[in-house]
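K.L.:
From first to last, the protein sequence lines stand for chains W and S. Using this note's numbering, the first residue of the first sequence is number 266, and each one after it goes up by one. Using this note's numbering, the first residue of the second sequence is number 2, and each one after it goes up by one.
Careful: at least some of the hints might be erroneous.
Okay, derived cross-link-like pairs now, EDC-like style, lysine to aspartate or glutamate, Cα gap no bigger than 20 angstroms in a straight line [what the hints assert, rightly or not]:
id : chain 1 : residue 1 : chain 2 : residue 2
1  : W       : K268      : S       : D39
2  : W       : K328      : W       : D349
3  : W       : K375      : S       : D39
4  : W       : K268      : S       : D60
5  : S       : K4        : S       : E73
6  : W       : K372      : S       : D60
Treat the hints as calculated values from the structure; they're not laboratory data. Remember, predicted model here, so these are calculated numbers, not experimental data.
Each chain is listed here by its residues.
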Amino acid sequence: SQKIEQNSEALNIQEGKTATLTCNYTNYSPAYLQWYRQDPGRGPVFLLLIRENEKEKRKERLKVTFDTTLKQSLFHITASQPADSATYLCALDVGSGAGSYQLTFGKGTKLSVIP
Amino acid sequence: DVKVTQSSRYLVKRTGEKVFLECVQDMDHENMFWYRQDPGLGLRLIYFSYDVKMKEKGDIPEGYSVSREKKERFSLILESASTNQTSMYLCASSARGYTFGSGTRLTVV
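For reference, chain W alone in the conformation it holds in the complex (with noise of 0.2 angstroms):
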């Protein structure tokens, strides 16, 4: 069966330091995958897209790997801050071949950084 796993419900670590959140999916050949921030009582918002053809993204204090022989994602957060504490989801592609561009999310880790 499709699954998407985020390895972590939550996860803590101290302000300064570099969060890393992990996606690991089977039974999917995604196009492509997402990350998306959650706060608290709040819609998800979207962060960033990697293709299935680039290894590496970048954001500011943001990095995305995308490993597809792994079948695994890198979400991480170089000098974390406390504001950075939110749950962060990942999301990849199920295209229902109507350019729907349908995603399927995982459940999310839920990020603290601890001052």
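Assemble the complex: chain W is given as a structure, and chain S must be docked to it using the hints.
P.N.:
Just chain S now, kept in the frame of chain W:
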């Protein structure tokens, strides 16, 4: 910036009521989606639409229907609300990255 607006932040309805959740986007996106989010279950796709009057079932469509009469508006309908439909409902529209609304927290009593 793309904006997705959900009509209500909080809603309380009685069992058996017909419930309408409205979603409007302002970026002319063709694709729109309805998810529900529950603790421990994550985001689950209810229905999506890739064009006006087009709809596709997601993973959990039972007990729900949708309407897309105009490109900017995608409505989720609970035909006869039940307590197990108490949840956070999130609408999204997309070109690639999704833009989500703020969500509607629905409680069915």
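K.L.:
Can you list which hints this structure breaks, lowest number first?
P.N.:
none
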